[in-house]
Structure formats: structure tokens, C-alpha cells
Amino acid sequence: MNPVNYLYLAALLFTIGAVGVLIRRNAIVVFMCVELMLNACNLAFVTFSRMHGNLDGQVIAFFTMVVAAAEVVVGLAIIVSVFRARHSASVDDASLMKL
Amino acid sequence: MSANLAAYATSSGEAVQFWVLGTVAVVGALCTILMRRAVHSALCLAGTMIILAVFYLANGAYFLGIVQIVVYTGAIMMLFLFVVMLVGVTAADSLKETIKGQRWWAVACGLGFGILLAAGIGNASVKEFAGLGVANSAHGGNVEGLAALIFTKYVFAFEITGALLITAAVGAMVLTHRERTERAATQRELSEQRVREGTHVPPLPAPGVYARHNAVDIAGLLPDGTPAELTVMQTLRKRGQIRDVSTEALADLKALEQRSEERLGRDRDEEEATR
Amino acid sequence: MENLIALLVGAPLLGAAVLLLGGRRLDRVGHWIGTLFAAASFAIGLALFADMLGKSADDRALYQRLYTWIPVEGFQADMAFQLDQLSMTFVLLISGVGTLIHVYSIGYMEHDERRRRFFGYLNLFVAAMLLLVLADNYLLLYFGWEGVGLASYLLIGFWQHKPAAATAAKKAFLVNRVGDMGLSIAIMIMFTTFGTFTFGPVLGATGETSEGTLTAISLMLLLAACGKSAQVPLQSWLGDAMEGPTPVSALIHAATMVTAGVYLIVRSADIFNAAPDAQLVVTVVGAVTLLFGAIVGCAKDDIKKALAGSTMSQIGYMILAAGLGPIGYVFAIMHLVTHGFFKAGLFLGAGSVMHGMNDEVDMRKYGGLRKYMPVTFVTFGLGYLAIIGFPGLSGFFSKDKIIEAAFAKGGTEGWILGAVTLLGAAITAYYMTRVMLMTFFGEKRWQPDADGNPPHPHESPKSMVVPMVLLAVGSVAAGAFFEFAGFVEWLEPVTGFAHGHSPLSAATVTTATVAVMVIGVGLAYVQYGRKPVPVVAPRGSLLTRAARRDLLQDDFNHAVFVRGGTHLTRSLVYVDHTLVDGVVNGTAASVGGLSGRLRKLQNGYARSYAVSMFGGTAVLIAATLLMRAV
Numbered sequence: 001m002n003p004v005n006y007l008y009l010a011a012l013l014f015t016i017g018a019v020g021v022l023i024r025r026n027a028i029v030v031f032m033c034v035e036l037m038l039n040a041c042n043l044a045f046v047t048f049s050r051m052h053g054n055l056d057g058q059v060i061a062f063f064t065m066v067v068a069a070a071e072v073v074v075g076l077a078i079i080v081s082v083f084r085a086r087h088s089a090s091v092d093d094a095s096l097m098k099l
Numbered sequence: 001m002s003a004n005l006a007a008y009a010t011s012s013g014e015a016v017q018f019w020v021l022g023t024v025a026v027v028g029a030l031c032t033i034l035m036r037r038a039v040h041s042a043l044c045l046a047g048t049m050i051i052l053a054v055f056y057l058a059n060g061a062y063f064l065g066i067v068q069i070v071v072y073t074g075a076i077m078m079l080f081l082f083v084v085m086l087v088g089v090t091a092a093d094s095l096k097e098t099i100k101g102q103r104w105w106a107v108a109c110g111l112g113f114g115i116l117l118a119a120g121i122g123n124a125s126v127k128e129f130a131g132l133g134v135a136n137s138a139h140g141g142n143v144e145g146l147a148a149l150i151f152t153k154y155v156f157a158f159e160i161t162g163a164l165l166i167t168a169a170v171g172a173m174v175l176t177h178r179e180r181t182e183r184a185a186t187q188r189e190l191s192e193q194r195v196r197e198g199t200h201v202p203p204l205p206a207p208g209v210y211a212r213h214n215a216v217d218i219a220g221l222l223p224d225g226t227p228a229e230l231t232v233m234q235t236l237r238k239r240g241q242i243r244d245v246s247t248e249a250l251a252d253l254k255a256l257e258q259r260s261e262e263r264l265g266r267d268r269d270e271e272e273a274t275r
Numbered sequence: 001m002e003n004l005i006a007l008l009v010g011a012p013l014l015g016a017a018v019l020l021l022g023g024r025r026l027d028r029v030g031h032w033i034g035t036l037f038a039a040a041s042f043a044i045g046l047a048l049f050a051d052m053l054g055k056s057a058d059d060r061a062l063y064q065r066l067y068t069w070i071p072v073e074g075f076q077a078d079m080a081f082q083l084d085q086l087s088m089t090f091v092l093l094i095s096g097v098g099t100l101i102h103v104y105s106i107g108y109m110e111h112d113e114r115r116r117r118f119f120g121y122l123n124l125f126v127a128a129m130l131l132l133v134l135a136d137n138y139l140l141l142y143f144g145w146e147g148v149g150l151a152s153y154l155l156i157g158f159w160q161h162k163p164a165a166a167t168a169a170k171k172a173f174l175v176n177r178v179g180d181m182g183l184s185i186a187i188m189i190m191f192t193t194f195g196t197f198t199f200g201p202v203l204g205a206t207g208e209t210s211e212g213t214l215t216a217i218s219l220m221l222l223l224a225a226c227g228k229s230a231q232v233p234l235q236s237w238l239g240d241a242m243e244g245p246t247p248v249s250a251l252i253h254a255a256t257m258v259t260a261g262v263y264l265i266v267r268s269a270d271i272f273n274a275a276p277d278a279q280l281v282v283t284v285v286g287a288v289t290l291l292f293g294a295i296v297g298c299a300k301d302d303i304k305k306a307l308a309g310s311t312m313s314q315i316g317y318m319i320l321a322a323g324l325g326p327i328g329y330v331f332a333i334m335h336l337v338t339h340g341f342f343k344a345g346l347f348l349g350a351g352s353v354m355h356g357m358n359d360e361v362d363m364r365k366y367g368g369l370r371k372y373m374p375v376t377f378v379t380f381g382l383g384y385l386a387i388i389g390f391p392g393l394s395g396f397f398s399k400d401k402i403i404e405a406a407f408a409k410g411g412t413e414g415w416i417l418g419a420v421t422l423l424g425a426a427i428t429a430y431y432m433t434r435v436m437l438m439t440f441f442g443e444k445r446w447q448p449d450a451d452g453n454p455p456h457p458h459e460s461p462k463s464m465v466v467p468m469v470l471l472a473v474g475s476v477a478a479g480a481f482f483e484f485a486g487f488v489e490w491l492e493p494v495t496g497f498a499h500g501h502s503p504l505s506a507a508t509v510t511t512a513t514v515a516v517m518v519i520g521v522g523l524a525y526v527q528y529g530r531k532p533v534p535v536v537a538p539r540g541s542l543l544t545r546a547a548r549r550d551l552l553q554d555d556f557n558h559a560v561f562v563r564g565g566t567h568l569t570r571s572l573v574y575v576d577h578t579l580v581d582g583v584v585n586g587t588a589a590s591v592g593g594l595s596g597r598l599r600k601l602q603n604g605y606a607r608s609y610a611v612s613m614f615g616g617t618a619v620l621i622a623a624t625l626l627m628r629a630v
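Chains as they are written, first to last, in our numbering: chain X, 1 to 99; chain P, 1 to 275; chain V, 1 to 630.
The following block holds chain X by itself, in its conformation from the complex (with noise of 0.2 Å):
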């Protein structure tokens, strides 16, 4: 087996992901599926670093992994403070920015 059908998996992984963040209203969901994607992402690296040779992709992955650690820390605080404002998860409801 070739290690190129990670790479496939990664690519419909992400696109599972996007259209999740597209169709889904619930902020939470959204977010799950944004960490998909970086799933995806740092399988796809993973991938590369294999394919390559050596650790460069590993050590990305490695960085993506804390990047989306900070980010779903502050992404989370952000969800409960309007779930407490609003007391509504849904994306759809913060819809003030429009003429």
C-alpha cells in the first residue's frame, strides 16, 4: 500500500470537516469540526514527514497540536460567555454584522 492513501483520507477528513462547519449551527459542533480539520491536517504532515524522511512534518504537527490546544481554550471561553449572554449556542444567532 501506498502511504499516499493517507494523504486521500487526510483530504476527506478536512472536507468533512469544512462542510460540517458549514452546515452546523451549534457553536460547539462547529467547533469539533474545526478540530477536524486540523486533525486532518496534521495527518496529512505525519504523512509528509514519512514519505520524506524526516521530522520536520512531525515536529509541525507537533505545533499544530498546541496552536489548536490555545485555540480551543479561548474558542470555548468565547462560546460560554455568549452561551451566558444569550443563553444560545447557535452560530446563526450572532448575526448583528450586516446593513
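If a hint is listed, it holds; no wrong ones were tucked in.
Here are the computed lysine-lysine pairs in the DSSO-like style, where the Cα-Cα straight-line distance is at most 27 Å:
| id | chain 1 | residue 1 | chain 2 | residue 2 |
| --- | --- | --- | --- | --- |
| 1 | P | Lys96 | X | Lys98 |
| 2 | V | Lys600 | P | Lys96 |
| 3 | V | Lys600 | P | Lys100 |
Derived coverage of chain P by chain V (criterion: at least 3 residues anywhere in the stretch with Cβ under 8 Å from a Cβ of chain V; other residues may be distant):
| id | region |
| --- | --- |
| 4 | 98 to 108 |
| 5 | 117 to 123 |
Keep in mind that the hints were calculated from the coordinates and are not lab data. Fair warning: this is a prediction, and the values are worked out from it, not measured in the lab. Where a beta carbon is used, it is the ideal one built from N, C-alpha and C, also for glycine.
Based on the hints, put chains P and V in the right spot on chain X.
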């Protein structure tokens, strides 16, 4: 899954593992975006992430595989679950689309994007690959190799991401912390207010009165047998998580009668047998 | 002596300043101050004249340079004066007749509470006119030219409470602006051609300049002259200008404003001499105006308007003479001066008649006034005889010379111009006799005025009578004086002079002139002396009705310029609205419409934005792949 195996070739075992677990991962991802309850989505995503961890290991990224399980599945997904519980664990989303054309655009873009990405990968695919055997063994192992890179070549990025993490933690605390702007009312003031308003002068009744379950989510029954929602705590009331046990009492009685009937019947049989 | 030239202008200017800035405390003495300053100017003029007579003919011109008016590199204009024989003639006419009109106005404006202001304007008028004739460069001349325009506006509209007066002032100003435009363009062409404005260099350089340029300058100068001198086609303001007080009419018509055009042409003689085509146009304009004014004068019942038509006609004579070149310049100026005397006398006489007749101007309501106003009758009658060219009086000499010069032009043009001037002389005799008969002879046709007071004709006060007498003396004697004292030799160094070769002998022309004059007088006598004059004007022939309406000049102007201008403006506005604004508004509307549609894309939903981002990413990937494939 030895290092050498992962480094130079993909064994047929790995191929089997890929096709089986890969299918499960895709199903998990699809479930993540299609489940109506956020908690189900979270669980499906956790499953997908664990499978990804396995794939990391299979690709020779042993450190990342472990980190994936510990950090992602262990910490981040738990964080998600906490928030889901905070927001309402049983609340189900409506999957009905409200923005006109949004779903069709999303699916069209997703299909186009996926196909194009796959085409790009296919366009750039190589038949041969290097493997990680040399890279992993250069410093005596995968973790050592990563460490060598992180603390030399990527040391600034590493420091900066550290700063980012701390900032994010502080930011999350600032965002969720609510400053109290006025002094909390004392017991005396609360009771005086109750008397002044004239409603619920005595303390609220406790839940679970007359109930067989000693649980907070069961409304106490009034003397005529109707449940009094006032007895359940405010949070559960708002979420609509009150359990109605008025029908359970009859069902339990029936079960009790049935059981006693069985018991009595067995006793009668024994008596007859003894006799 | 040349240091006195500035005082010629300065005295009336100072008078105007004192009167206009002095305020009400000068109300009681204002008219004396104004008259004093005008008289001072005249006295200085006389002194300079006496000095000039003492010099040889070629050395008479005086120059005075006060300061550099516009000190710009390459664009220099001096506040400098030039006093030669031509200017001297004008200075004496302007300040002399002007002073007499000042004296006359003391009596005429006695009951007007704004008399001080009136005298201030009169002084301003005289100062501007003197500046015009004394300037030594075209730019300063233009300054005086505009000053005359301003002063005429103020004086014609002096009784601004009458809407007709305000309108007439505005009309005079606007029509004059057309002429002023001609003068300014002429000055611009001069500057680009010669690089200077000063008379000497400009007129001296005509030999090296192309005839086309000179013709252009000449035609523009002619346009300017038409505006100020009320020549066709810019004649329409003159009749309406009669709305001003009568002394103003006398001042404008006799001594000052309308003569400015003649002065301009004679002053620029060198330019015109080098542009024969332009000269022909000048004579044509003069001939047309001559007949035009005469015909209008025949039909008017308003005594002042009849005289206004006469003025137009007489200025036509002068312009025609000026267009004839060196054979005519001197006679143009000569007729100008004699005309200044008798026309001023006629106007002052008309003012005197109106003064006695409750300000009635309709001659059909006069009649038989000779017994009640003997002095006015005699002075007016002498002016009348002078203007129709009665042998021996001033008009006879000057007009006869012009007619002779017209014939001397030679060829077909000479015959035509001569015939026109003769015809004009006949018509002049006709309409002036008509005025005379309707006013002073026949039965009384007096009507009570609007308040019901019947008129009590009486002789005017002394301050009005004395100037009339002096002017009558001038009307009688000026022509003969000029003829025998050598006016031609006096002006020749400035304007040049050439004897024409007339196909007719001088005696023949004189006989013909007298003959047509007698015919004109006889016709008028048959029509107005033998039969009673109806109080209400008969309907009259088509020509009469047209002439009563100034030969439809206003209708023509209205139809061609006002309506044409209105339509042009409307069509331009239409083009502006539809085309220019259409493009602008259309762009704005399409941008607005597009924005309105694009705005719907911004619906506030983060997920919609995410779709566009995602789609954009897909497009980017597609583009990258395509580029790689190519």
C-alpha cells in the same frame, strides 16, 4: 509494529489496518457532523481522533501518537464535553437549514474542494517514499529526534507557542470570569425581601418528597398527587430536565404485586409440594 | 504746463469723492461744489488751450506720466496722460458743455432731495470721460471707458424708484458690456501683436503688421464704438436711456458718452487706415445707423425720444465720416463738436419745456408754447436751425463737409454714401421741423397731469436759461468759427487730412444739401403746420408703427438674443441633465443597484461567509492546478 517495518514498507497488515480503521474514521467524522446531539458528536470525534492516533503510530510518529491520545482525546475532548454539559447535554439541535441555499452551496463547495484536493494529491503522488528509519535512529529514537529538532531548529517557535498557551489560558479565564459588581445579599436581607414580596415566605419545599427516588430532578408531590415543579432546582427547571414519577408509582405497584404474586405462587407450590 | 493735465481729471474726480463721501452735511452746498469742480476743470482746460495755441503745430502734444500703474515685467501700463489737439478739443467740449449742464442741473434738480448725489455722479461722469480722452494708452482708456459705463448706469437709473429707469440703466449697462468686450479683445490682440498698450508704439507699428490682424483689431474697436456710441446693432439702449433726468440725457448725448466711440475710431486712425475692409464696415454701420435713427426720430411723440433718434442719426454721420479715412476724420470731429453744442441746447430746451409742462413728454400734448417760453423757444429754434443745416449755422458747415467727403469716397460706394447722407439730411429736416411745430406752434393741446393740475407753462429759472443761451450762441457760431479759424489745420497733425476728389463740385453738394433740407421742412410743414395735430396718435402706416417701436430693435434682440440665448441655455441644460448627469447618475445608480444586490451577500451569518471562503479556496486550488497543468 516495529520501527523498521514502518520505515521502509507498508506491510499488508498495515494495509488491512488502514482500510478497516480508515473506514471507521470516516464514519466517525460523518457522524460528528450529522449527530443531532452535541455530546454524540463529541464522542464520535473522540473515536476518530483515537484512530488517527493509531495512524500516527503506524506512520512512525510514536511521540505524536501518544500525544494525540493524551492531549486531544484526553484533554481537549474532555474540555468539549465539559462545555457541552454546561450548555445542556441533552439539548438536541435541529438539523433543518435556515439559510437559503446554504446546504447546497456547502455540499457543492465540499465536493468541488474534495475532488480538487484529491486531484492535486494524485497529481503530485510519488511511487517511492523515504521512510523514517534513518531519521528516527539518527538520535537514538523518535522522541530524541523530535527533541533535537524542537530545541534547536524550532526553538523560537517552541517558546512562542509556549507564550501563546499561557496567553490563551489567561484569556480564557478573563473571558469566563465575571466580576461581581455589587455585594451579595445576606441571609437576613433575602428573608426580609421574601417577606416584603409576600411570595414563598417559607423556604421552598424539598424535591423528592413522596418519591421513591431520592433525586434532585424529581418534583415533590402536592397533597393531591400533582407534581410541584417549584421543588426542583432552578437550573434543571430551565433545562426542562424534570422527571415525572407520577406514573412510575403505579408501575412500581404493579411490579410489586406481580412479584408478590410470584412469591406467593411459589410459596403455594412449595406448600403443596411439602404437603 | 503738462503737470496740469492730471488736474483736468483730478478736479471732477475729487469733486465726486467729496460729494459722495461727504454725506448729508453737504446737501445744501453739494450742487455748488460739483459745479465748481467741473468749472475748475474747464478753466484748466482753457489755460492749457491757450498755452497750446502759443506753440508750433507740430510741437503741441503734452505728456504727463504720474506713475507706473501695473508694474509687471512684460506687462507695463502707466498712469500717463497725453494731451494733443484731438484730446484738447474733447477736453474743452466735455468740460465746457459739462459745466453748462452742471449749472443747468442746479435749477432742474432743485426739488430733488438726492441732488448732491446727482452732482457727485455728474462729476464722476465728467472725470471718467476726461480720463478716456486723456489716456496715453489703451488700457487706461479702457479704465475711463468702463468708468463712463458705470457713471451712465448710475445716472440713467438715478430715479431708480421708477422701474422703467432701473430697467433702462440695466439695459444700457448690458448693451455696453457687449461693446466693452470688443474693446477688451482689441486690447488683448494689440498686446499680443505689439507687446504694449501705449498709443505711440502701437499706432507707429501698424506698418509692420499684417492687414488681417489690423482688420481684426479694427472690427473689435468698431464693436466697442458701436456699444458706446449707440450704433447699429448695439443701438437699443439709447432710447430707453431717456428715462434718466434730462440733464443726463444732454450730457450723454451731446458732450460725452456717445462721442467716445467716435473718439476711439479717430484716435486709432492709423490702424483703421491700414485696414480698408474694416473702414468699409465702419461706413456701412454709420450709414445704416444714420437712416435708422432718423426714421425712428420721425415717429416718436416723446420729445426726448425723438431727440434720441436724432442723436443716433447724427452720430451715424460722424461714424460714417470717420470710416471715410483721412478725408473724413476732421469733419467727424467737427460735426461732433457742433453737434455737442446744438444737441445739448436742444436737450436742455426740451428739459425746460418739460419743466414748464409738469414733466409731460408727449409732444402731442404741447402746442403753442412759443408765447409762454420765449427764451426756450428762441434757443431751441436756433439749435433746430443748426441741426437741420440752415445755411450759416454750425450744422450747415459740418454736415455739408461730411456729405461732400462721402461723395469724395469715390466710385459706387461714394455715390451710395452720398445719397444716404443727403437722404439723412432731408429726414433730419423733416423730423426736427415736426418736433418744432408740434411743440411751439399750433393750438394748445395741453392736458392736466395725473393729479388733475392743468399745466402752467412758464419760463425756466435763470440757472437753466443761461446755459441754454450760451449753447445757442455756440450752435450758431461754432460752425462758422471752425470753418474760418482753421479747424482742419488744427487737427491735421493728429488725424491727418487729405482732400477728396469729389465727382460733384462743392457748390453742387451745398445746393443739393440745402435743397433736400427745404424739401424736408416743407413736407413736415404740410403735414404738421397746416393741419391740426391730433392729441391721440393716429394708427399710422406699417413703417410708422415699426418706427414707434424703434424699428423693432427690441423685438429683434428679444427674438434673436434673448430667446435664442434662452433656447441655447435650455438645450445646454437639457444636455447637461440627460447626458452629463445621465452618465454620472447612471454610474451612481448602477453602482447603487449592484451594491444593493451585493449587500444581500452580507447577511450577517458567519456560515455564509465561511461558504464563500471555502468556495474561494476551492477556486484557488483549481487555479493552482490549472497553472501547473499549463
